[in-house]
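Peer 1: Here is how the chains run, residue by residue.
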Amino acid sequence: MQHTLVVLVEDKPGVLNRVASLFRRRAFNIESLTVGHTESEGISRMTIVVDGDQVSVERLTSYLYKLVNVIQVDDLTGKPMVSRDLAMIKVSTNAENRAEIIQMADVFRARVVDVTASSLVIEVTGDEHKIDGLVEVLKPLGIIEMVRTGAVAMSRGCEALMNGRTYAPATAGECCLENYHTSYAAEMQGNG
Amino acid sequence: MNRTGAQIVWECLQREGVEIVFGYPGGANLPIYDAMLDYPVRHVLGRHEQSLVHMADGYARASGKVGVAMATSGPGATNLVTGIANAHMDSVPLVCITGQVPSRLIGYDAFQESDVTGITLPITKHNYLVTHASEIMPAIREAFYIARSGRPGPVLVDIAKDAQQASITDWKYDASPIRLPGYRPDLRPAPETVRNAAEMINSARRPLILAGHGILISGAMAEVRRLVETARVPVAMTLLGFGAVPATHPLNLGMMGMHGEAWVNTAIQEADLLLACGIRFDDRITGQLNSYAVHARKIHIDIDPSEINKNVKVDAGLVGDLKDILRQILPLIRPVDRAEWLARIQSVRANSAARDIQNHPENGRLHAAHVIHDLWRLTRGGATIVTDVGQHQMWAAQYCRIDTPHTWISSGGLGTMGFGLPAAIGAKLANPDREVWVIAGDGGFQMTQAELATAVQEGVKINVAIINNGYLGMVRQWQQFFYQGRYAATPLRNPDFVKIAEAHDLSGLRVTCRSEIEGAVRRAESIPHTVVIDFRVEPEDTVYPMVPAGADLHAMIRRPDPAGEPVTEA
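Quick note, the sequences are listed as chains A and B, same order.
Heads up: the first sequence at position 16 corresponds to 51 in the working numbering, and the numbers run straight through without jumps.
Heads up: the second sequence at position 132 corresponds to 265 in the working numbering, and the numbers run straight through without jumps.
Isolated chain B (complex conformation) (with noise of 0.2 Å):
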């Protein structure tokens, strides 16, 4: 059969089970679209690019998917940049396919022309600048390959309007293995480097595990929790390791680093052993290096060799995929008894419990922390919570307790301000029938807004809870803290939330008090079309505990109890 390079495109998509992709047509992508209306595709019309990324990034996320973003040459392909570099810094597959000008003006500046696979070289995976038809087919099979095996990652085909439009006679697919001589994905540590792991574990008086995105990506949450239970290890969590082990666990502990729990923090610092499992030391969790967990050995699994030694010098590196590797070292661990460790973590938890805001007394204002606390009990746990970046965000992961895998979805590396919706509105498409939550601050919500039409358009229904402080909230805090309170830019004067969403011709609400939460929550959950719930909260109120960048992990800025100052731990 004879096809066009546009018609291969979709081709090659529908080969890989692609059932919906987020896009924007231009003139330089017209013939792929074109063609899409004679394949069987759900198309989603984003309102900016850097959105459709984000929701192909939520789609990804939710689903376990490779994502599928559309975007025209010039503008269009530079927009994709920051949500490319979101999914790059988080390890999410994703293949984002850019019209580019035809290929005789490639380098002659003609319009609408951008050097995208240059612009792109160091925040994707890979990328291929596509100047024929006969080569659009090895670059969408390969980028699909590249994006979801091994560590996952963005990939980006940028095809020239000449190569869509050429024909090909006698055009076949070809589903022959890929051959990729230089990329090994399929790594696997050697057996006595398995063994010497599980005797380090068996040894180990007070062990931690450090459970990253790399437990969901890999699969491996059975296997962790065996792990687990079977050797009484407690776990702390990254923010993206949410779901790998369920909050509620009795030996999960809960999130570790700069806004972590203190007695996770502690833990860390007290372990013997650390057994990180597809976590990448995050500047965020270690803190300062020097003096991070200076008595624990440590172990560290993930499928990326370069994160190995990157940031923390580890003392048995095991490369290749956790599942697998869990599963050889499974058979080795030997039940240990470790009451004494867990007591010693329980009895720092008690201290922490007493400066919780939960267990303040009413004051009568509305703390943001109340808001998300109340959203997650009101919600069972049952909904997919899907945050934007700052502050709402920290709170959201200290008291949104997630039990379930792929139901937590945040923007953690880049920390994407403008995430939230978009990201929401994938992870939706992803699961039609889950309950999905938005919560993001009034700044991060304004920068994609606009994506709440895509939500009326497509007929997504989503409930939005705006912790809106009037404040860059979490920039305050750091100016709060280190800057005299000089607070430079972060107020901010917003619109009527409300009345955005009536534009729209959703609903909006608006709660000014804690008694008043639970029914907004209610009406939003009984909408059928999108609501944008405006929760007004203190204005000034900050995320408690608080580990200074660059501080030791220990050196805690807590929250003051009611009577008393703020304390830092030494």
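Chain A extracted, bound-state conformation (with noise of 0.2 Å):
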């Protein structure tokens, strides 16, 4: 089954390789693989789905935190969560099927960004479903270009990454950012 994984890396030179090259070394297939800045500087945030069962995953889990600049894992696979991919589809149009087409990308939300007399560009957001969903109504007309992002992935609820350990209020509605920060800060002392 899809295991969804929150990883988040010290931003560095080669970290993204370092986390690819795991992923061939132990035979594990990416199905995506997305990565991006968080709030903190220095720190990004992958956002990996991958196949594989409970005990594959957890294993795969052990290898990325042998990876030094690996700071912290979560699986979000099974908590509340939600996932997100992003898609542009070019799609050939004509004066005939173009309302058809801006019709039928509002159904599912979508916006079209860029429009020409022969074509158009649609931008989706959703989840994975929904976008193969706007693909397979879409492929009949003609699809010429697409690109996605792969799934963007975050927990529901107040419960957080943050630099790189997880931020959680010890009673709902409490707010102890302020106790995080200063407990952040006097682990950050160094571990050597």
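Don't read these hints as lab results, they were simulated from the structure.
All C-beta atoms, glycine included, are put in the ideal place defined by N, C-alpha and C.
Hints may contain errors.
Unchecked claim - With a Cα cut of at most 20 Å, we get these calculated SDA-like pairs of lysine to any residue:
#1 B:Lys-594 - B:Gly-652
#2 A:Lys-101 - B:Gly-283
#3 B:Lys-443 - A:Gly-87
#4 A:Lys-101 - B:Ser-424
#5 B:Lys-446 - A:Lys-47
#6 A:Lys-47 - B:Arg-317
#7 B:Lys-443 - A:Phe-58
#8 A:Lys-114 - A:Glu-163
#9 B:Lys-446 - A:Glu-135
#10 A:Lys-47 - B:Gly-251
#11 B:Lys-446 - B:Ser-424
#12 A:Lys-47 - A:Ala-62
#13 A:Lys-47 - B:Ile-311
#14 A:Lys-101 - B:His-221
#15 A:Lys-174 - A:Glu-135
#16 A:Lys-101 - B:Arg-317
#17 A:Lys-114 - A:Glu-93
#18 A:Lys-47 - B:Ser-267
#19 A:Lys-47 - B:His-221
#20 B:Lys-443 - A:His-164
#21 A:Lys-114 - A:His-164
#22 B:Lys-446 - B:Leu-463
#23 B:Lys-456 - B:Asn-329
#24 A:Lys-101 - A:Lys-165
#25 B:Lys-456 - B:Lys-594
#26 A:Lys-174 - A:Thr-184
#27 B:Lys-443 - A:Glu-135
#28 A:Lys-47 - B:Pro-271
#29 B:Lys-443 - A:Val-92
#30 A:Lys-165 - A:Val-142
#31 A:Lys-47 - A:Thr-69
#32 A:Lys-47 - B:Arg-430
Stated by the list, open to error - Computed footprint of chain A on chain B; a stretch qualifies when at least three of its residues, placed anywhere within it, have a C-beta under 8 Å from a C-beta of chain A:
#33 295-306
#34 437-446
#35 501-511
With the hints in hand, could you dock these two chains into one complex?
Peer 2: Written as structure tokens, this is what we have:
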């Protein structure tokens, strides 16, 4: 089954290569991998969708932790989460079918972001299935180019991954950000 | 003070306590070599970069310190690969420093450019590409810290030539603690896991300790011994665990696995509890996993979380420093009478003794097992034994009874032929007063025999026992068992090893019968320089017992007893 992993890494050259190389070396298939900055300077966040059973994903997690630049790994599979893909789909159009295509895009809450006499670019955000659905209905009309980002994911609720640690308010509604920052600063005094 | 990048390299190595460096100069590390002359460090010039890493590896295993190897860019760096992979598999702390082409040329296929950080990514614990002089100090400090902490391993630092040449004004060494947010070598098990493990040990009737390299790395020898003696639990050893518990200890059963003792493998299969200490359940020790120790509950103590449940599913996994964990477990351990279990193991042992070649009548032939056993007896167990890889390695594992930690050095995980001679040079340099013997096959010896020249140039006195059977013996043995005796590419037409020694201004001896062994060993010990002994042993001898790859651990091919045929035990 598909697992969605969130991996916080140090933002350093070569880290993406280290992570990708690990998947190859340990014979895991990456369905999708996205990476970008986080709110903390120097920390990047990857969302990796990988196919595997629970045991092999646990193994994978412990291998990821062996990478010096990997700060935290969280398996969101089975937890309440929001997972989103973004796609841009270029469709060949003409005067007759343009309106129909735009209507279809509307149904999927997609947006038209580029129009020419003979083409449209549609931007759509959503989970994998929603995008697959839009692709299906556009296919007969002539998709000429398409790009997808792969999933980005985040857990629902107030628990969070910050600075490579789990931030969780002690009781609902209570803010413990200040305490979090104090203890984080203390921990970062060094581990040498 | 102003320092060039090259000087900073040596400043950092000095701070790390490095006294000896194994290296080879070239275009891209010339600045480092030029700066070296102003620092009090011993440099050992090898003859091939692979051997340099093996030397640093042998040095590290014998001394417990971090070994340091240096090479230039391109072919110098790629030649390191086998040595690094070997150290990675066997968790040996190394720092390898390579020169790289100037940073403006990186990526342009420059002369002697190779992407060594890319190449070594999966075989190092971590690596660094340094393109600015200011990054050299943090990279080297982190490299040493990572190499020696947690589960040790090799770390490579690749330094562009312009970074070596650049100067930093008012350079200062930064001795502050190292900050690596993603690196946690200090994990500890929860107290209830420890209590649970202790209870499992107390309630076991047929427990067995599996003792591995992690005991030596953690320095937990005394703790393991206390556990063995308090709980009366017998011990089985991995190849790299030798020395962790004295071989002559009455509760030490000997080696497990593919060429382990029959009674040890039988004990594993009959045990009701396995306590794995610093081992990684390699396929060479488990055989077929589905039938491995099916009656046993399993406790696994290791510092590397990714080893827990990797090959063998365990009932309790304790992640952390073995010594710390055993110190928590020991007070909870109750003495239990295990006489019945120990008697059962003894009964299997007697059967094996009858098959032992040492107990066969002399037939006038020179058997490798005799050479190695005699060598161990003649050196009174007081020598450091460094092996190569192959049949001789397994015979050495069976017949050299290692009592002292860090005096058995062998290439385990990677099984690197050519390891022995250079690793022995490193081990001798770590302990110059200790007698060092290399036991090598004729095949493996020839892979790195050029290092005899290194031994001469560095004035290193070691003794080399070549177990010369004219075959790549272990491969030949597999061909004998599993390929109908079709000896594809295993016979060797060898050079005259005595003359090879003499060509290096060293002494060469030849032994062709058992009565000559003692004289040759004594002569080798008395000669002040390196000696090579060519032991012309039985060409088609076989290592017994043997668990065929992927077979059940108890399905051993046994040595025929003097009268009979080989017996496969069900």
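Peer 1: Against the structure, test the hints numbered earlier, and report the numbers of the ones violated in rising order.
Peer 2: Of the numbered hints, 4, 5, 9, 12, 19, 20, 22, 24, 25, 27, 32, 33, 35 do not hold.
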